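Colleague: Here's the letter readout for the chains.
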Amino acid sequence: MTFVLASQLPVLIAVLVLGTVAKVITVSSGGEPGSFSKLGPAVLVPARMQGPALLGCALGELVLATGLLLTAHPIFRWGAVAFFALSTYVLLELRRRRPDAGCGCFGEISAAPVGRRSVGRTIVLTGMAGMAVWAEVPGVAVFADPPWPLIAAGLVALAVMSPEIEELIDRVRYRAPCEQRPAPAESVMLSRLRASGAWRAHRDQLTTTDPYDSWRELCWRFFVFRNQDRDDVVFAVYLSGRRPAVRVAVVSGEDSDALPVYTPVSA
Amino acid sequence: MAYPSIERRRVLAAAALGREVGVPGPDPGSGDPLHAVTGTILDVSPHLMTIERPDGRTDRLIIAPWATIWRGAEVTPADLPVGARVIMRTSRERKVVERVWADIVRITGTILSVEGRKDLVVELHCGPHRGRRTVVIPYRATGRLQVRHPQLEPGYLFDAIGIRQDGTTLALLPATSQPTYPARAVPPAPPAYAGVQPRISGTATWSDAFDEEERGLAYPMLERADAACPDAGVSCAGLPYLALGSLLQIRNSCTDRTANLPIVTCGCVAGRFCDRCVECGTSERGRIVELSPSSYIELGGELVKGCFNVQIGLG
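Here the protein sequences come in this chain order: A and B.
Note that the numbering used here numbers the first sequence so that position 17 is 17, with each residue one more than the last.
Note that the numbering used here numbers the second sequence so that position 241 is 241, with each residue one more than the last.
I should point out that these hints are in silico values taken from the structure, not numbers from a laboratory.
No experiment lies behind these values; they were computed from the predicted model shown.
Where a beta carbon is used, it is the ideal one built from N, C-alpha and C, also for glycine.
Do not rely on the hints blindly, as some may be mistaken.
As the list claims (entries may be wrong) - Per label pair, the in silico range of CB-to-CB distance:
id : chain 1 : residue 1 : chain 2 : residue 2 : range
1  : A       : ARG194    : B       : GLU52     : 50 to 56 Å
2  : B       : ARG140    : A       : ALA47     : 19 to 25 Å
3  : B       : PRO230    : A       : ALA152    : 42 to 48 Å
4  : A       : ALA152    : B       : PRO188    : 42 to 48 Å
5  : A       : VAL63     : B       : LYS118    : 37 to 43 Å
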């Protein structure tokens, strides 16, 4: 019996961890407090508290997930039941007071207005958490010997009730072209450049390995270095892909005539 | 990171990608070129004006009989005080003045505070590079401004045209209809479809925060770390990321004039305006470039109207 009761623990832990990660990413990448204005319970608190409220929720989820994973203590089991029951209430309240707001359960992906499916999902999760109350094993034990069919059934039930999955599919289908997407950080692009063949071919001629200028234009990031003849060596690194295309040119320091030494080089 | 020379970037990028280096300036095919001239009035008579240019030269210009002069309202040459700062549209090799705007300012930013009962004193945040500005809305202009700016409250956007008088900035005309959302809640861009748009349509405005006689523009979609501008990269128009120094080809859809202009600064406030320009037909929503006054005039724009419709492409 314990086997069945504990079967949904992995699902619960996975949902809680996903929720934490998605919320933290939303808060850290958002930067624009206005963008939280359509997200979940955060709309019910004043604007300056919205980021902290979302992070507080994420922290609570992480504590519950850790507790469910490591112990069988009733405080975490009942805590999870209370958390999902409260979420159900909050979503119903949100639906009544702010029909335009998304549930924010998984950060900014959950921006679609709260519907029956989101509410149904928290009810199912409350039920799963309720089952786990009487399971006397910690989550780790279930992960060690997973009851696959029951886990799969739980996941399918949740997937059916998750509007986020459709949103994810839409985002992949209608992905913005690369010139409109935010780029990886400059340091990431610099390490990709340093892993390329073009870099190895020119490295020995450079005076320093740190660029003196760098900028992003459309799908390319440019790095400029000085070589020992006081010429500029400019590398253009394509923004997408782990081993991106790299182009390089040496431009004489005085005049603007380019001396392209390489035809397109793929790293 | 220091910017050794932003113009150099264009040469280096062109060399690396094997494309041609664009040349800044008006397109020769746009007809008789217009020239913007700025200066300070030394002397003015009904038909002749003497000004001191920013580089210290003195210039005498003929005021055309059809010329219009604006200083808060349409005025005559005799109303222009000595010492007024003027920006003019000229033709015939910078000799004949067709339009004069005296002491004109444009105040664009986010409202920080509004005080006063008759004359309103508005404090604005004009972006990280431009800092704060305090403007006075004289009582006679409050109705006109509030009709287009119904939410004169902290956190909302403000955009007006006015004059500088005795060291005070007066806002006299609304430059747009105020966006209905707070400045920090700019609507997202419409979903983009893969594939490069060769040209983007939208609104061009001007700003007085450029150097005198500078030709260039402010563009909202820059990488925050590159431009050292924490508010950049916001626009509701679906713009591609570009860099300081990139050359844009700007075509004024109203006058059909085209010019290549470099991006010289970050247009983080312009990017927050998701409005339309109704100058000649309704534009797509979103301000895509903010031009320096000289560039705006040379593309055929009227400073008092505040915007025109443009198409931009990479120069």
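Colleague: Now, for every hint given, state plainly whether the structure supports it.
Modeller: Now for the hints, and whether the structure bears them out:
no. : hint                               : verdict
1   : A:ARG194 with B:GLU52: 50 to 56 Å  : 54 Å, holds
2   : B:ARG140 with A:ALA47: 19 to 25 Å  : 35 Å, violated
3   : B:PRO230 with A:ALA152: 42 to 48 Å : 46 Å, holds
4   : A:ALA152 with B:PRO188: 42 to 48 Å : 36 Å, violated
5   : A:VAL63 with B:LYS118: 37 to 43 Å  : 57 Å, violated
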